[in-house]
Amino acid sequence: MSGKPKLHYFNGRGRMESIRWLLAAAGVEFEECFLETKDDLTKLQKDGSLLFQQVPMVEIDGMKMVQSRAIGNYISTKYNLYGKDLKERALIDMYVEAIIDLNELLMTHTFQPADKKEQHFATIVDKATNRYFPVYEKVLKDHGQDFLVGNQFSRADVQLLETLLMAEECKPDILSKFPLLQSFKARISNIPTIKKFLQPGSQRKPPLQEKDVPKLMKIFH
Amino acid sequence: MSGKPKLTYLNGRGRMEPVRWLLAAAGVEFEEIFLETRQQYEKLIKDGVLMFQQVPLVEIDGMKMVQTRAILSYIAGKYNLYGKDLKERALIDMYVEGITDLMQMILMFPFSPPDAKEKNIDSIKERATNRYFPVFEKVLKQHGQDFLVGNKFSWADVQLIEAILAVEEKIPSVLSGFPQLQAFKTRISNMPTIKKFLQPGSPRKPPPDEIYVETVLKIFKK
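These protein sequence lines map, in sequence, to chains P and V.
Counting from 1, one number per residue, gives the positions in the first sequence under full-length UniProt numbering.
Counting from 1, one number per residue, gives the positions in the second sequence under full-length UniProt numbering.
Excised from the complex, chain V in its bound form:
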């Protein structure tokens, strides 16, 4: 037993990617088990390892944690990425939840029918540029600090940079009206743990492709 957290999921981003980001940001090495067949998934269920019969699953500190938000909150709490008090935590939670709503659109995108894809890109662009990015642009402009909350690196910064990069993959010019976010992106990308995660060969997963979509449907079909 290595003592490192062990992640069980498909070999792709999905709902596990924010967990990989957060562990990487905290400088925590982790191992991964990739689900490739339905039999593997059914075995996990039969072994009683998945509390609600779902992945993500993260084995950490003697717990078999499920539910993405529960996992992320635990990691953030453990590695001091959750602010210094209740009010900072409240801000971090609000920001993370908003970003998660945007990321949900990206998460679902590969599974939308081909004739809906263009409309969905437009929706993502509209939400990113009208609802979410303006909020964080304003936050950074108003306090002039490097990080979103409490002048200290937190889960909110990690979640935001993940979202910025994911949206840019679909809409490369999306940050054009957001100078603060551009600077934020550069700044956070240059932090040593983040920089390492952004390099080839890291546990970061590529954008979902057709094979990923097929694998999801194959393993989780009802």
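Okay, chain P solo, but in the shape it has when bound:
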């Protein structure tokens, strides 16, 4: 037993990627166990490892944690990425929950049927540039600090960077009207632990390709 957290998921981003980002940001090494077939999932379900029969599952500190938000909350608190008090946590939570909403849109894009893809893409761009990005641009502008909350690196910064990069994968110039988000992106990307995670060979996963979708469906359906 290595003592390192062990992540159980398929070899792709999905609902585990934000957890990989958080652990990496905190400088915590982790191991991964990839589900390749439906049998792999069934085995975990049968041996009682998955509280609600679902992954993500992270073995950490003697617990088999499930539910990505619960896991994210635990890691953030343990590694001091959750603000200094209840009010800072409230802000971080509000920012992170909205980012998760945007992430859902980005994540589900690959699964859209061909006739819905264009409309879905338009929705992503509309929501990102009209609903979400302006909020974070304004937060950074109003306080002029390097990080979103409490002048200290937090979970909110990690999740925002993750989403900005995913949004750019979707539409490369999506940040063109957001100068502060652009400098935020550069600044956070240069933090040593983040920089390391952004390099080839790290445990960061690539975007899901359409050709990988059938294999995924076989595992989970």
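Calculated directly from the structure, the hints in this document are not laboratory data.
Remember, it's a predicted structure, so these values are computed and weren't measured experimentally.
Certain hints may be false.
[Said to hold, decoys possible] A few chain P residues facing chain V, derived, Cβ under 10 Å: (1) Phe52; (2) Asn73; (3) Leu91; (4) Met94; (5) Asp101; (6) Leu105; (7) Val135.
[To be verified] What follows is a list of derived Cβ distance ranges for each label pair: (8) P/His120 x V/Asp47: 39 to 45 Å; (9) P/Leu165 x V/Gln104: 24 to 30 Å; (10) P/Cys33 x V/Arg127: 23 to 29 Å; (11) V/Glu32 x P/Gly3: 46 to 52 Å.
All C-beta atoms, glycine included, are put in the ideal place defined by N, C-alpha and C.
Starting from the known structure of chain P, arrange chain V on it as the hints suggest.
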């Protein structure tokens, strides 16, 4: 200014109901503003009051909080319903998130087309009786305590009783294989703050009906 939390939402359960439950469980009085027209909603957006242009909105302790989970976490933290340490919080979070997945099915149900409704009830029943309720039945059986986590009333207990009652409204016999949950339901329902919330005239909202669905579609149509 009354100092009481102020909730802005439609006059119905939706995504605000868990917040009403949690405040009520903590014995905290609150005020409510009900959105009835699209104009009201658009005005809120124009006034810059909704951070991401969405409700629920809860004005509490000088903050205009949005995002249901953020609001619930804050209330749970403030009123000592979030366990005594990080590990208890982890358990509470896992339980709450699982229950929220089940509640999501109930939340979406009124908006499903008529020909899908029966299938959706079956799905809710299947998930409740095969995936979620067995977990909490086992938790209660194994530690034999009154509450889910740490032998103390927490957010997880409030979320579970809300879910049990909501599922029972659709499937009255759903607890028939779960004696621990039946006892839990009785026990929690009898706690003074919960008992009060379950009485007529409380801020608890009735199950969604056609008028509620129409109002949602009218106000939030894109």
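Taking the hints in turn, this is what the structure says about them:
1. Phe52: Status holds, d = 5 Å.
2. Asn73: Since the shortest Cβ distance to chain V is 5 Å, the answer is holds.
3. Leu91: holds, 8 Å
4. Met94: This interface hint holds because 4 Å falls under the 10 Å limit.
5. Asp101: holds, 8 Å
6. Leu105: This hint is violated: P/Leu105 lies away from chain V, its Cβ roughly 13 Å from the closest one there, beyond 10 Å.
7. Val135: holds, 6 Å
8. P/His120 x V/Asp47: 39 to 45 Å: Since the Cβ atoms of P/His120 and V/Asp47 sit about 30 Å apart, the hinted range of 39 to 45 Å is violated.
9. P/Leu165 x V/Gln104: 24 to 30 Å: holds, 28 Å
10. P/Cys33 x V/Arg127: 23 to 29 Å: Holds: the Cβ-Cβ distance is about 26 Å, inside 23 to 29 Å.
11. V/Glu32 x P/Gly3: 46 to 52 Å: holds, 49 Å
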